[in-house]
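Chemist: Read top to bottom, the protein sequences are chains F and R.
Note that the first sequence covers residues 1 to 458 in my numbering.
Note that the second sequence covers residues 1001 to 1192 in my numbering.
Keep in mind the hints are simulated off the structure, nothing from the lab.
Some clues are possibly wrong.
Unchecked claim - Cross-link-like lysine-lysine pairs, in silico, DSSO-like; alpha carbons within 30 angstroms at most:
1. Lys1003(R) x Lys69(F)
2. Lys343(F) x Lys364(F)
3. Lys37(F) x Lys1045(R)
4. Lys102(F) x Lys1005(R)
5. Lys1013(R) x Lys343(F)
6. Lys242(F) x Lys1005(R)
7. Lys373(F) x Lys1014(R)
8. Lys97(F) x Lys141(F)
9. Lys69(F) x Lys1014(R)
10. Lys82(F) x Lys1016(R)
To be verified - Example chain R residues on the side facing chain F (calculated, C-beta under 8 angstroms, incomplete):
11. Lys1013
12. Ile1025
13. Pro1158
14. Gln1175
Stated by the list, open to error - Residues of chain F placed beyond 12 angstroms of chain R at every Cβ, according to the derived structure:
15. Glu112
16. Glu113
17. Ala386
18. Lys388
19. Met394
20. Thr403
No residue lacks a Cβ here, since even glycine has one placed at the ideal position from N, Cα and C.
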Amino acid sequence: MIDHATRAKRFNADEKKVNWHDETLWFVRHKRDLSSKGIPEWEQLRELAAAIKANVLSHLDEYLLEFEKNAIANGIQVHWAKNAEEHNQIVHQIIQKVKGKKVVKSKSMLTEECHLNEYLEERQIEVIDTDLGERIIQLSKEAPSHIVMPAIHMKKEEVGDLFHEKLGTPAGLYDPQLLTAAAREQLRFRFLQADVALTGVNFAIAETGGFVVCTNEGNADMGVHLAPVHIACMGIEKLIPKVEHLGVFLRLLARSATGQPITAYSSHFRTPRPGCEMHIVLVDNGRTELLGRPDFRKSLNCIRCGACMNTCPIYRRSGGHSYDYTIPGPIGSILSPNIDMRKHSSLPFASTLCGSCSDVCPVKIDIHTQLYKWRQIIAKEGHLPASKRWSMRMAGWLMAHPTLFRLSGKVGRRILSILPRQLVYGRWNEWGKAREMPPPPAQSFHDWYLNNRNNGKK
Amino acid sequence: MEKSKETILSRIKKSKPESTPLPEIPDFAIPSSDLSLLFAQTLEKVGGRVVHGLSREEVGSAIRKAFPEARHCWSDTPDVLESNVSLHQGPHQLENLDLAVVQGEIGVAENGAVWVTEAALPQRVLAFITLDLILLLDKNQIVWNMHQAYQKIGHSLPGFGIFISGPSKTADIEQSLVIGAQGPTSLTVFLL
Ligand code: SF4
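Next comes chain F alone, as it looks inside the complex:
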């Protein structure tokens, strides 16, 4: 199995690009800071958001039923899916029933999680992603590398070459303005042709049976107000109790994501257009299992703003694809072990545990604490990589034997200063690969302490 560090190494092959990636995301983090500092009650809003989400989780079954009842009264058809497979089947059946062939889709991490595009394409249904970033990675046949900026791993030259090949733009056209215009023209045509429009859901409101979708491009609205059928797919944790709670979340979401005060469009859907269909698919796919893990259930608070990615020193320098999971970065590293602990066992270790993710998270998920807790579980279940397993076991044994520990320290300090460089920075020294080892101290803390205590006594 390829782990995070190995995939990160691939991303790091292009140093200039890594630096650009790092700086660009840090800039987004900075914009978030400026924006949040403009709101005196920012911390209070985070508290409120976390408290609302806690209440939602503690009454989730009741809110879902309330939501369903109200949605049906609004003329929306509600579907329930235990897992990704059922979700895909339901969506496919709705499309089939209206003899749909062409689907336009706005951004939805849930449909990525369920691999809906592949499922539909295998069944001869054309799916076009309409968010520009998603369209870019759809054309390049990649997964999103960021949940808010799906194509942030690509430079404009790469996008230009891709558009030249796939959309017929002139060779060497790299201007973002012109590339966007080219995509716009092509997508217009797709919107007008679509039989079905698919969207995600940012928030669903139990008391109204409606839901809210946020975009900057207006692509969700272009899709759903033209096509006769709208399918909205949502994880069951996206529910909030009341309309007034939207005030809290919409103030937090865009400011945390990009530093904008709000997205250009925050669309509130409650009833289908006259003569048209509106469907909602409520999806579990591992969420109830997560709800049953008291140490980790808070990760269901996530509103997918991406702030934890932008701030993470590991994410910024390893790129979204190094996580090999739909949701990358710190939040992905605590969501993924719940889905497949063995496959994603290296992700909770892809962190310095600096805690910056928890500090920026608008819904106050204790991300770095959960990373630490997953590490313990992964070790207990025997999913640690061999190198870590042995070094940890050795260290544990050594620390249980104080005399030996002191002796090895003494030997180590001595040896480090006389060994040839090649030996110290050998293949085994992961830490020393891109860094200089600190010079070995003259004495151990133990010796220092004894000396100083004695001095004090004199």
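Use these hints to put chain R with the ligand onto chain F, whose structure you have.
Modeler: Positioned in the frame of chain F, the structure of chain R with the ligand alone reads:
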């Protein structure tokens, strides 16, 4: 999938934490300065334009002056601008719409958003498919924050309602901002 519904609900019942109360949302402080000025400043920062101080009649000529090339126009306020497109043949007929003039209900100063509902959008797609969008807003309907906006809206949301803050935009190519992604390439708000 009726069985899945039962499964999901029973799993939740088994796993959910102990009940915690819903918090009260307090009334947050409101700036004492002129809200319509703050609204204009914020909207301009996100790429919108704000025009104030004109009468309804003057707005009409201002629009014609600003968009001399607009051929297909839609407006629900004939005293401001005459419509020349029909909505009866469905949303696809609006493919070539150049200009839409739409009445907004509430403005939010903290983020430059305008609340628009389907009462003003006989075809929901109007506000998105048009090349340029114009919103009319009563300046006495501007509030400071989103909490106040939702208080005004109340518990019964319309079939479709939207906060619009600026023109359609994207930064998906190298984070460089491009105005006019899939929706309107400009937004002008006239404060009346
Ligand atoms: S975990 Fe928090 S910071 Fe990260 S995406 Fe989710 S809400 Fe945003």
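Chemist: Check the structure against each numbered hint from earlier and tell me which ones fail, lowest number first.
Modeler: Structure breaks no hint.
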